[in-house]
Amino acid sequence: MTTPDARDWIRRGQAALERSRGADSDRENRDDLEKAADAFEQATRRDPALADGWLHLGRTRYSLKSHEAALAAFDEALRLSPDDAALWLERARTCARLDRHDEVREATGQVLRRAPEQLEAWVLRMTASARLGRHAETLEACEAILDRVDEPEVRGSYALELRTRWRLGGALAGLGESERAQSAFAGAEAVQARRWDWGSPDEYYEALGACEEACAVYEEKLSRMPDSVDKWKAAGETYRKAGRFAEALAAFSSATRLGDDPYAWWGLAEELARAHRLEEALEAFERARRHIPNRPPLLARIDEVREQLGRRVDRPNDGS
7 MTTPDARDWI RRGQAALERS RGADSDRENR DDLEKAADAF EQATRRDPAL
57 ADGWLHLGRT RYSLKSHEAA LAAFDEALRL SPDDAALWLE RARTCARLDR
107 HDEVREATGQ VLRRAPEQLE AWVLRMTASA RLGRHAETLE ACEAILDRVD
157 EPEVRGSYAL ELRTRWRLGG ALAGLGESER AQSAFAGAEA VQARRWDWGS
207 PDEYYEALGA CEEACAVYEE KLSRMPDSVD KWKAAGETYR KAGRFAEALA
257 AFSSATRLGD DPYAWWGLAE ELARAHRLEE ALEAFERARR HIPNRPPLLA
307 RIDEVREQLG RRVDRPNDGS
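According to our numbering, the sequence shown holds residues 7 to 326 in order.
Bear in mind the hints are in silico, worked out from the structure with no lab data behind them. These figures come from a predicted structure and were not determined experimentally. Note that CB positions come from ideal geometry on N, CA and C, so glycine has one too. Just so you know, not all the hints are guaranteed correct.
[Said to hold, decoys possible] Beta-carbon label-pair distances, calculated as ranges:
| # | residue 1 | residue 2 | range |
| --- | --- | --- | --- |
| 1 | Glu-289 | Ala-248 | 23 to 29 Å |
| 2 | Gln-20 | Leu-315 | 48 to 54 Å |
| 3 | Pro-303 | Ala-192 | 51 to 57 Å |
| 4 | Asp-44 | Ala-192 | 27 to 33 Å |
| 5 | Gln-20 | Ser-87 | 31 to 37 Å |
Please model the complete structure; the sequences and the hints are all you need to start from.
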């Protein structure tokens, strides 16, 4: 039975959440979310069997982008309520943020066994399966989403329909069904034309800020144009925006192997620095500097990396 003290902390947390929604600044919003998380944590300490407390804590930690902590809270809630489809969906969302694609598949499977109509679960499953190269599962998810294409939830979301048709094409191509794949890609282009007069789907997605969808488009384009330096560079930038840093590094690396492009080297250098591979990062920054020697942001980054390595800072005209 929930203790009165635990219920009081739940109320305090909910009040802090309500304040966060009306906050005047990002700082105030975050402060209120932190207070809410602290309150929900107090509730779970006082009553560890309170599933709602763990659920509220997980959602608040998720809003704070503390995804590992959110996942731990959802797992506690699931330990108490293992048949709750909504909790499994929370777990799937959080695992997606952590790039735990196999766990997304497992969690969405749990959701769909209990609630096969749950659209978000199919969308998460589609993306996770595509990222894992599981083409048959991607195809199943795409078809489940597109079976509902006339419903407002799908039809009204051009980005979702477009994303799904591109993923469908990629899955069919992966299964060797080239004619059906081309038909799916054509369907995606028709959706795009219905909404925006952009030159290509990647531009459409960039305009929406939909990085995952843009990544899917670049992956398809690179399968057809693997020797395009510009496409590898653009893919690298889009992977970076999506937080897919290892793939960004690989894309920029592919671009530099195909051509001595300064911005490909610069992109590669940034990703190497992010991965704490500073010697390699400095070398890549210097390759970029050969072509664009007087770019202040580039020179500043070279200085920063050299300082991290404990080296003397040299300017562009120092004869180095």
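Consistency of the hints with the structure:
The supplied range of 23 to 29 Å is met by Glu-289 and Ala-248, whose beta-carbon atoms lie about 26 Å from each other. Checking the proposed 48 to 54 Å range against Gln-20 and Leu-315 shows it holds: the Cβ atoms sit about 50 Å from each other. Against the hinted window of 51 to 57 Å, the Cβ-Cβ separation of Pro-303 and Ala-192 comes to about 41 Å, which falls outside the hint. A beta carbon spacing of about 53 Å between Asp-44 and Ala-192 contradicts the range 27 to 33 Å that was offered as a hint.
The hint said 31 to 37 Å for the Cβ distance between Gln-20 and Ser-87, and at roughly 19 Å that hint is violated.
Going down the numbered hints, you'll see the structure goes against 3, 4 and 5, while the others check out.
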